[in-house]
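Generate coordinates for the entire structure from the input sequences, incorporating the hints supplied.
The listed protein sequences derive, respectively, from chains E and V.
All letters in the first sequence, in the order written, are residues 4 to 291 by our numbering.
All letters in the second sequence, in the order written, are residues 4 to 291 by our numbering.
These are computed hints drawn from the structure, not numbers from a lab.
Heads up, some of the hints might be wrong.
Which copy is meant is left open, because identical chains are indistinguishable; a pair holds if it fits in one copy or across any two.
[Claimed, not checked] Using 16 Å as the maximum straight-line C-alpha spacing, the simulated EDC-like pairs for lysine to aspartate or glutamate come out as follows:
| no. | residue 1 | residue 2 |
| --- | --- | --- |
| 1 | K92 | E232 |
| 2 | K206 | E184 |
| 3 | K20 | D229 |
| 4 | K213 | D154 |
| 5 | K157 | E233 |
| 6 | K20 | D148 |
| 7 | K92 | E233 |
| 8 | K20 | D154 |
| 9 | K86 | E98 |
| 10 | K206 | E233 |
| 11 | K213 | D148 |
| 12 | K57 | E279 |
All values derive from a computational prediction rather than experimental measurement.
There are 2 protein chains.
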Amino acid sequence: MINVLPKVEVLMCWCGKDFDITRWVGSMPNLRVIQTFSAGVDHLPFQAIPGNIKIYSNAGAYSEPVAEHAWALILALAKGLHKPTLVAKEYLSNEITSPRSVIGSTLLVLGTGGIGREIARIGKEGFRTYNIGINRGGRPVDYFDEVHRTDELKSVIQRADIIAIALPLNRYTRGLIGAGELRLVKRGAIVVNVGRGDVIREKELYEVLKERPDIRFGTDVWWVHDGREEIPPSVPLTALPNFLGTPHIAGGAQRDIAERAIMRAVENVARYLRGEGPLNEVDRNDYL
Amino acid sequence: MINVLPKVEVLMCWCGKDFDITRWVGSMPNLRVIQTFSAGVDHLPFQAIPGNIKIYSNAGAYSEPVAEHAWALILALAKGLHKPTLVAKEYLSNEITSPRSVIGSTLLVLGTGGIGREIARIGKEGFRTYNIGINRGGRPVDYFDEVHRTDELKSVIQRADIIAIALPLNRYTRGLIGAGELRLVKRGAIVVNVGRGDVIREKELYEVLKERPDIRFGTDVWWVHDGREEIPPSVPLTALPNFLGTPHIAGGAQRDIAERAIMRAVENVARYLRGEGPLNEVDRNDYL
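Here's what the structure looks like:
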């Protein structure tokens with residue numbers, strides 16, 4: 004392997020804990036491109052990667068499975084399937100489980116990339132939702148009735164029946180949602196996170212869910228401590244009755260999805276090698 | 004009340020156990036119409052209702068809430084939310100919970116009335132499903148790519164990834180689905196019932212789910228014993244790991260849905276009183 008390293012121009016990897024880029028990057032003087040198989044790149048050691056190396060993510064590769072997982076969490080929470088009981092009176096009178104309508108509701112999606120757009124599409128076409136999007140510049144995106152800038156979050160979050168978080172984790176989104184935002188959500192709102200755990204402030208989420216049992220929260224993503232997603236977290240979030248969690252399995256869990264995602268990364272590298280504009284170039288300034 | 008009865012021309016009721024039609028119908032010589040608030044009429048004592056009295060159901064009044072409940076069961080089962088674990092390896096390697104893709108799958112809907120059609124619409128528009136329908140005559144219906152006759156069930160049931168049952172209970176559908184049909188379903192199929200419990204043979208369902216843990220089954224409707232839905236049933240269905248149940252709460256649980264359904268029944272009676280053709284006239288021969 005050592006003989007090959009000086010020739011390496013493109014590195015493709017999950018680039019997670021199992022393959023420590025910082026150990027190898029110094030032995031690859033000709034490295035020009037790092038292409039990840041993952042959609043998010045928040046786990047990359049940006050400081051250790053020389054500035055002349057381009058970084059391409061695999062954003063969009065998991066849009067469909069992650070968006071349908073988001074909808075599974077939304078519908079399960081809406082119909083009380085996170086705490087099912089077979090006693091109808093209990094089911095209907097309990098704030099934790101009483102069924103809520105989804106068709107025609109107002110859906111707020113934070114992040115309008117591949118996943119957020121697919122969540123909005125399923126809402127609009129399947130459940131006739133009114134869709135509000137949030138992205139950095141407020142730029143319009145298909146399937147959204149309105150799109151607002153991130154700094155307008157506090158005013159739009161109050162209007163939503165369902166809030167879906169599909170943001171990448173970077174310096175603009177880390178800790179974006181805290182008690183101040185969560186306390187503003189409508190009575191009975193459903194909130195799901197399929198982006199990255201650290202977009203929400205862990206302890207503040209726990210406090211608000213405890214004081215507001217009317218909010219139902221579902222997540223597939225968790226908080227990173229010491230470089231690892233901690234599942235379950237030390238904060239006793241998973242013990243709350245208005246909580247539903249899955250262990251980061253929304254994207255890539257099935258073999259066919261992982262294969263398609265890897266092929267998508269390969270095709271992107273092929274675009275680079277043919278001199279065409281590759282997709283998903285990461286702006287390092289978002290992460291430094 | 005006694006003075007009023009001889010004048011009654013239209014009777015509107017849920018017509019369930021709480022209001023026994025058989026006790027009152029003899030005192031209403033001018034009764035011409037019974038309009039139910041419920042969509043199904045399988046609970047009516049047809050033998051006791053004189054043949055000159057027309058019966059109108061409220062079919063279609065609950066299509067949206069029941070169809071979105073069906074999709075909540077489908078997605079929850081597809082993503083293993085009926086037995087959530089926070090250990091990713093366990094989640095992914097276990098046949099009971101391993102996530103399955105929904106987008107692009109083949110959906111078989113038994114019953115193409117208001118609810119079945121809405122289940123098909125959500126599938127087609129939201130999740131790009133290929134839709135196969137089953138109705139008595141095989142007549143084409145919107146949002147279905149193919150529709151087959153009930154007697155073709157055994158051949159089409161083998162092709163479906165997801166099977167949704169939205170049939171009324173009548174003499175054509177009672178016990179329609181037994182071990183013979185269930186054993187034919189694809190490995191890993193998801194089956195949900197939001198029609199009536201007795202469309203499936205209770206004990207045979209239990210036997211097949213026990214021998215085929217790859218099948219995931221969800222239901223909101225249950226089996227009637229001595230005139231009452233028995234929840235949970237005496238057969239230990241609800242103890243199976245590949246089972247998810249709700250206590251018949253899909254339609255009408257929320258106040259706004261019940262109000263809309265009652266208004267729909269009132270409008271139908273108004274059509275009758277104006278001499279217009281009312282909707283949803285029940286063919287008694289289906290039930291006798």
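Each hint tested on the structure:
1. K92 - E232: Classified as between: cross-chain Cα gap 14 Å, same-chain 39 Å, threshold 16 Å.
2. K206 - E184: Classified as within: same-chain Cα gap 13 Å, cross-chain 50 Å, threshold 16 Å.
3. K20 - D229: Classified as within: same-chain Cα gap 11 Å, cross-chain 61 Å, threshold 16 Å.
4. K213 - D154: Answer is neither; intra-copy 26 Å and inter-copy 53 Å both fail.
5. K157 - E233: neither (28 Å within a copy, 47 Å between copies)
6. K20 - D148: neither (40 Å within a copy, 47 Å between copies)
7. K92 - E233: Between copies, since 15 Å is at most 16 Å while 37 Å is not.
8. K20 - D154: neither (33 Å within a copy, 56 Å between copies)
9. K86 - E98: within (11 Å within a copy, 22 Å between copies)
10. K206 - E233: within (14 Å within a copy, 43 Å between copies)
11. K213 - D148: neither (32 Å within a copy, 47 Å between copies)
12. K57 - E279: within (14 Å within a copy, 71 Å between copies)
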